[in-house]
Every structure is written in structure tokens, then in C-alpha cells.
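Same order as they appear, the protein sequences are chains A and B. All letters in the first sequence, in the order written, are residues 1 to 318 by the working numbering. All letters in the second sequence, in the order written, are residues 1 to 260 by the working numbering.
Worth double-checking, as some hints may not be accurate.
[As the list claims (entries may be wrong)] Covered stretches of chain A, going by a simulated chain B footprint (3 or more residues, C-beta under 8 Å): (1) 167-178; (2) 183-193; (3) 202-210.
[Said to hold, decoys possible] Over the 10 Å line for every Cβ pair with chain B, so calculated as not near, a few chain A residues: (4) 6; (5) 23; (6) 58; (7) 235; (8) 283.
Read the hints as simulated data drawn from the structure, not as lab findings. Backbone N, C-alpha and C define an ideal beta-carbon position, used for all residues, glycine too.
Given next are the chains, with one letter for each unit.
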Amino acid sequence: MTSSGKRFYAGLLALAVLLALLPLAVSNPYYLNVFNVVALNVMVVTGLNLLIGYAGHISLGHAAFFGLGAYISGILTGSYGWEPWLTLIFAAAVVALVATIIGVPTLRLKGNYLVMATLGFNLIVSVLMVQLDDITGGPSGYSGIPPLSLFGHAIATDQSFYWLAWGLVLVGLGLARNLVHSRVGRGLKALHESPLAAAASGVPIEAYKVKVFVVSAVYASVAGSLYAHYYGIITPATFDIFKSVELVTMCIIGGMGSLWGGLFGAALITPLPQLLAVVEEYKDIIFGGILLVLLIFLPQGVVGWLEGKRMRPGGRAF
Amino acid sequence: MAALLRIEGLSIRFGGLQALEDFSLAAPAGSITALIGPNGAGKTTAINCVSGVIAPDSGAVDFDGEAVLGLPGHKLARLGLTRTFQNLQVFGLMNVRENVMVGLHADSHGGFSAAMLRLPFLRRQEAAIRERADEMLALFGLEELAGQPAGELAYGDQKRLELARALAARPKMMLLDEPVAGLNPAETEQLGELIVKIKDQGIGVVLVEHDMALVMRISDQVAVLSGGKLIAQGPPDRIQQNPEVIRTYLGGGEEFGLLA
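The task is simple: from the sequences and hints, build the whole structure.
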């Protein structure tokens with residue numbers, strides 16, 4: 001294994017230990033709830049980072065994929081009694097299909113048409129969530145979603161969901177890291193820098209762009225399904241375009257192209273509205289402002305900036 | 001010798017400019033075919049048509065017995081046709097070794113799910129990719145720079161890196177678009193030797209180049225384009241005597257000294 005590989009798994013292990021110790025120090029369910037929301041955001045941002053940080057395309061529709069996962073899981077288990085885990089997989093498959101349908105025509109075009117397409121898509125999904133009130137419960141939301149269960153135990157408490165969510169985050173980070181450090185990951189980085197040279201080197205650029213978009217949408221969908229079963233109630237406002245902006249902010253603040261950066265960004269941004277009441281009220285403006293300032297002064301993100309200070313750029317892989 | 005690459009009647013028009021007109025060329029394996037001509041003659045356009053970057057209005061391209069016109073770049077690379085670029089296209093943020101490893105995409109397998117699960121065959125393949133990349137770096141004298149971001153390399157090193165990347169996947173033919181442009185005489189000499197080495201491995205080389213001394217020294221066959229049309233074709237010594245070629249270069253007022 002390469003030295004960067006050892007560093008990554010050492011980091012992952014350290015994170016796992018930290019996460020295992022945390023509930024001992026924090027027993028207040030309110031804080032556990034915050035950590036759980038962080039976990040779900042980390043999951044979405046990890047996928048989003050593959051798209052933004054590696055392939056160089058921005059999506060403003062990931063809240064919609066997050067929401068589709070939540071609503072498909074919520075409605076099928078709540079109204080139709082489907083098995084929750086199978087439904088989670090089914091939702092991910094549906095979201096993958098939807099992402100393919102959006103990705104194939106828009107990613108073929110030169111320039112960042114994906115931003116516009118995903119923005120429009122998010123708006124449509126938000127409208128449908130509100131308008132299809134027979135199915136979705138409308139603006140007040142859909143409730144009565146059963147919790148997940150594992151080995152016969154319902155994941156009904158903040159504590160048990162904490163283990164599940166963070167366990168899956170570690171798995172998600174590991175899978176993403178494997179992808180980044182493979183021939184596919186190299187191909188993605190290459191097509192980001194020079195599509196022409198990447199294609200000439202044998203990288204199927206169109207297919208890779210669509211596939212990484214689909215993978216990132218699936219991360220969001222799984223997080224959405226988990227969200228639905230955790231809260232038991234879901235409302236359209238949770239999945240609007242402002243949530244998409246928030247996710248992109250998390251991705252960029254930590255550092256595009258750094259999986260640790262995504263973790264950092266989600267951990268930093270998620271609790272802000274809870275910590276500062278003023279943030280709650282103006283959070284969309286504040287996130288927009290943070291995004292703007294970062295892109296101007298610290299385009300490589302906080303983690304990227306720290307890594308750049310620590311060693312020569314490019315000297316590390318992740 | 002049978003042609004590995006056969007270009008037939010390629011024509012393309014950019015607005016009012018006939019960039020290529022009924023251009024045909026046959027390039028064999030294990031041989032250097034130079035494509036020369038004044039600026040704007042259509043050399044790069046020809047390469048871009050063959051390598052799938054732009055689509056010609058008409059014509060046909062056969063590579064290794066297969067019609068390849070309209071195939072995307074990555075499929076051509078898989079078939080064994082790679083290229084370099086006139087304006088450098090290294091992956092500047094990736095390190096030198098990774099750049100060459102990308103070049104091995106055409107020679108390796110495994111998609112998204114296999115990569116995410118890090119299946120055993122991928123791990124073995126990754127070791128082989130790395131080994132081959134290091135072999136290339138040694139051949140091109142880049143081994144000391146392996147860990148450096150490619151964008152920080154000196155211009156000449158970037159030129160060699162592109163060549164290493166294009167050669168890594170063991171292509172049957174390479175299209176080199178001005179590989180020595182901007183290099184000093186010593187570097188040009190060195191790169192020329194490398195191109196001959198590539199040819200000696202049995203790889204076909206199509207060389208677009210302005211450095212006439214180099215072209216005349218290493219090419220087996222020279223084709224001359226002017227105004228999108230092929231005006232002469234033959235061995236270097238004959239091309240140097242060709243009155244039409246001389247007139248073209250004289251008329252253009254450039255590079256005549258090098259031809260003589």
C-alpha cells in the first residue's frame with residue numbers, strides 16, 4: 001500500500017476511535033442529534049466532492065436527490081409497508097436512473113450546463129413535493145415513517161442511529177477513497193484538467209462524467225433514506241435549492257478534491273444554524289456570503305489550504 | 001509496406017476557409033511519416049480529424065483495417081492510436097508519474113464499482129500500471145521528477161512527459177503534433193533520438209513538425225501540405241528537391257534556409 005493509503009486508513013481509524021468515544025462524553029441527545037445530521041451531510045458531501053472536486057462539475061440539485069431518497073423511502077415504507085432496507089436500495093436505484101437521465105444530455109455539452117439543469121431539477125422536485133399532496137403530504141410534510149431496524153433491533157434512538165449513520169459514513173469515505181485512488185479516479189482528475197488529453201489517453205470522458213454524477217447522486221439518496229427513517233417525518237423545505245447551496249458550501253469550504261475537506265466542511269457548517277440564532281434567520285445569505293468569500297480568497301478550501309502549507313502541492317494525494 | 005493508417009479524401013471547411021481539401025495519406029507501422037507545410041496549411045487540422053477531435057465534412061480514415069472516422073478519442077486510444085498536442089496538454093496538478101499512469105488508461109480495465117470495492121485484480125493491475133509508468137519515466141529521463149506536479153516542470157520536460165504518456169499504453173501508432181516546438185537544439189536532438197527509438201519498436205509515427213532539419217534527418221517519408229492540399233509526398237531527399245515545395249516555402253518566406 002502506498003504511504004498516502006496508509007495515511008488515509010490511519011486517519012479513518014483515528015476518526016472511528018474518536019466517533020466511538022464521543023457518545024461517552026456527550027450523552028445529551030440534542031448534541032447527538034446534531035452529530036447525526038452532520039453524519040448525513042458528510043455522506044452527501046462525500047459524494048458531491050467526487051463530482052465537484054475530482055470531475056470539476058457543480059451540481060445545485062443534490063438536495064433534490066437527498067429528498068428523492070427520503071420521500072421514496074418514506075412513502076413506500078410508510079404508506080405501502082415496504083421493507084426499509086430494500087426500499088433504501090430501490091430509492092438509490094431510482095435516483096441513479098434519474099441522475100443518468102439528467103446527466104447524459106447535459107454533461108455532453110461543453111461548459112457547466114449541469115449547474116443549470118440540476119438547479120431546474122431541484123426546483124421541479126420541490127414543487128412536486130408540495131403539489132402532490134395526496135402522496136407526499138404537501139407543504140406540511142409526510143409523517144409516520146417507520147424506523148430502520150438492524151438484526152431485529154429498531155434504530156429508534158439518537159444513540160443507535162449515531163452508530164449506524166457514522167458507520168455508513170466510514171464505509172462511504174472508504175469507497176470514495178478507493179475510487180479516487182484508482183485508474184477511474186485518475187481519469188476523473190485528468191478529464192477535469194484537460195478533457196482533450198484525457199480522451200487521447202483512453203479515458204471515456206462522457207461516460208465517466210455521467211457515472212461520477214450518478215455515484216454522487218446515490219450517496220445523496222442513501223443519506224436521504226436514512227434521514228427519513230431517522231426523523232419519521234419529512235418536509236419539502238428540507239430539500240429545497242437552499243439546501244443544495246448549503247451542501248456545495250460544505251464541499252467548497254472544506255476543500256474541493258479532499259475527502260477530509262468534505263468531512264470538515266459538513267462538521268463546520270451543519271451546527272451553525274443551531275448554534276447561532278442569527279444564523280438560522282439569515283442562513284441562506286450567510287452561506288452565500290461564505291461561498292463567495294471562499295471562492296475569492298481561499299479557492300482550495302480550508303483543508304486544501306492547510307495541506308498546501310504543510311507540503312508542496314501535489315506532493316500528497318489525499 | 002501495408003499502411004497502418006490510411007487517410008482518404010479528407011475535406012473540411014471552416015466558414016470561408018478550406019482547411020483541408022481531398023487530403024489523402026498512408027502511414028505504415030515502424031516508420032516515421034512527417035507532415036509539413038507552412039503555418040495554416042492544415043496539418044493540425046488533419047491530426048485533429050484523425051484523432052476524433054473534430055469531424056471532417058467528408059473523407060475516410062482507416063486504422064489497422066478498421067474505419068475509425070467519428071470514433072471518440074478514448075476508443076482510438078484503445079485501438080492503439082495515441083497523440084500529443086501542439087499546445088501542451090499535461091495534467092498540471094497531477095504529478096509526473098500520475099500523468100503517465102493516466103496514459104495507461106487505454107491499456108487497463110475496471111470501472112467505477114470495481115474501483116470503489118478495490119477488487120484484487122485492480123490492485124494487481126495498479127502495481128503493473130505503476131511499474132510501466134516508471135519504465136516510461138526512466139526511458140524519457142523523468143524518473144527524478146516523478147513526484148513533482150507536472151505543471152511545475154520546465155517546458156522541455158513537459159514535452160517529454162506528453163510523449164511518455166502517449167507511449168505508455170503501447171500504441172501501434174502515435175500522432176505527434178510539433179513535439180520539438182520551443183525546444184533548444186540539444187533538447188531537439190535528444191527528442192529526435194527518442195522518436196527514432198519509438199519507431200524502432202515497430203510503432204508508426206506521424207510527425208507534424210516545423211523543424212526541417214529534424215524532419216529531414218529522421219523521417220522515412222515526408223508529405224507536404226499547402227493551403228489544405230497535399231502538394232508533394234516522398235522520401236526526404238526528394239522532397240528537398242521538389243520545385244513546388246521549394247516555391248511554397250519561398251512564397252511563404254519562411255524556413256527556406258533550413259530546407260537547403
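Hints versus structure:
1. 167-178: holds (count 3)
2. 183-193: holds (count 8)
3. 202-210: Since 5 is at least three, the answer is holds.
4. 6: 14 Å, holds
5. 23: 29 Å, holds
6. 58: 18 Å, holds
7. 235: 32 Å, holds
8. 283: Nearest chain B Cβ is 33 Å from residue 283 of chain A, so the label holds.
In the structure shown, no violation is registered for any of the earlier numbered hints.
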